[in-house]
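In order, the protein sequence lines correspond to chains P and V. The numbering of the first sequence is my numbering, which starts it at 1 and goes up by one. The numbering of the second sequence is my numbering, which starts it at 1 and goes up by one.
Hints should not be assumed to be uniformly reliable.
What the hints assert, rightly or not - Here are the computed lysine-lysine pairs in the BS3-like style, where the Cα-Cα straight-line distance is at most 30 Å:
hint, chain 1, residue 1, chain 2, residue 2
1, V, K35, P, K61
2, V, K35, P, K120
3, P, K124, P, K61
Rather than coming from a laboratory, the hints here were simulated on the basis of the structure. None of the values given here were measured: they were computed from a predicted structure.
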Amino acid sequence: MTKRRVAITGIGLVTPIGSTFDSFVENLFTGASGIRHMPEWAEHVGLNTSVAAPVMDFDGKTIPRQQRRSMSRVSQFATIATGHAISASDLPETLIKNIRTGVAYGTLMGGMSAMEQYFKGVAKTGSLVTGVQSTTFLQMMSHTAAANIAMAFGIPGRLIASCVACSASTQSIGFGYELIRDGKMDRMICGGAEELHVGIVGCFDVLGATSRGHAHNPPASSRPFSKDRDGLVCGEGAGTLVLEDYEQAKARGAQIFGEIFGFYTCTDTGHMTNPSQSSMETVIRGALDDAGLTPSDIAYVNAHATATDVGDIAESNAIHSVFGGETPVSSFKGNFGHLMGACGVVEVIGCLGMLARNSIAPSANLTELDPRCAPLNYVPSTPQTLGSGVILKNSFAFGGINASLIIGRGT
Amino acid sequence: MIEREVMPEVIRSEVVSKVNSVMMEMFELPEEKFKPEAHLFNDLGLDSLDAIDLMMRFQEQFGVRPSNNDLTNIRTLNDVHDMAMGLAVEPAKVLN
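One chain only, chain P, in its complex shape:
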């Protein structure tokens, strides 16, 4: 079977450090932080963390009411980001509403704020149904973001809702890439979204995974690979990529922001929350094989690196095992925390920004390397040249879900 090339022709995002491609990339390179103190969480007794990366000044009311009524905040982010991506792609209406165009979009677990409203009604009335509205399920459901995108833009082809926590959007991009590469679809709208919710934060908090020591200086709180890191910072946002069959994209004169070269995903069955280095190596090598590349072809690794104790150590050692210590490695989570279901795609968009500048943005908050992390080229303070421009992007999720993408410049 002939494998088709897959181009990235549209980018859209909503993030704590900018909701246009240009402002987002500029803020990455200047080291801007989207992490803030959350005094409103003080009422939640037992919660240890008090920092997060919310999207400020978001106005979901730009979405028409009859579309918005089935959207929790997560789907509103997804829809706005997708509108930007489709606009950037300049796809004509006839191709958007074409049966060969589909959606692959993930979230952590659906609309948490809608779930909160539902359970508040249960607590108030004792009834499991009083207060349920016609759109309650549509706002909560695990495929809410994907379905709302398809409905809002009239995209009729395949729909994949990859709800595998923090690997959701990386898997979505990978599945979209595979469908186009293998000729099943011609265009896929891919990505992921997340809404910040204290209930989810509490779930990570009780595991000891959240940052607890930087309430007075929130921008310093997320410290991937750093010796003094103390956990992840939860955030929210969305990112969308328009993927197209490369030849069709070229034929219609589309701007090509990048190309997907490879993808792999696998499951670490050792433990639900503690990742293993060997499984991380498996997914990285799988992506290289899929792309037909060797480790020396990779110019830069964008790590998942959430600033948790076990995750950073395992990932750094997996990267070292595959690439050695020369390949540049960094993480964006020092800038905007962990965007959960959106983290993979937003970080891919950051990588596309690096490709556009031919430069690697330095890692925020990496002041002193944890000696338990492998000796890698971490890009701690000043940008480095991107070289060949071929990038590996990792994502890892609870449940042992590993996903890696390889992207590069579209020629």
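Could you slot chain V onto chain P? The hints should help.
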């Protein structure tokens, strides 16, 4: 259903005002669209999901859900007002 003409006009006008206010807020519609003869689907742009949520709101307000018989005849805003009047066994409840 209570006949409109037997209800004091002052109460009906207050019920109409409250119902319109609730619907404007629920469905984000401008006041000028709220003419008694306005068709819920054709003129106000509502659909079956909106109708369900409106009935849920009535249930919250009156403590009783409109019956299927009530819903069968609902076409216009005026029909909604009539239904609200009929449900308002204690009309003051709708004014809270």
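Checked hints:
A threshold of 30 Å between alpha carbons decides the hint, and for K35(V) with K61(P) the separation of about 25 Å falls inside it, so the pair holds. A hinted pair counts as satisfied when its Cα atoms are at most 30 Å apart, and K35(V) with K120(P) does not qualify at roughly 36 Å. Taking the CA atoms of K124(P) and K61(P), the gap is about 28 Å. The hint holds against a cut of 30 Å.
Hint compliance for this structure: hint 2 alone is broken.
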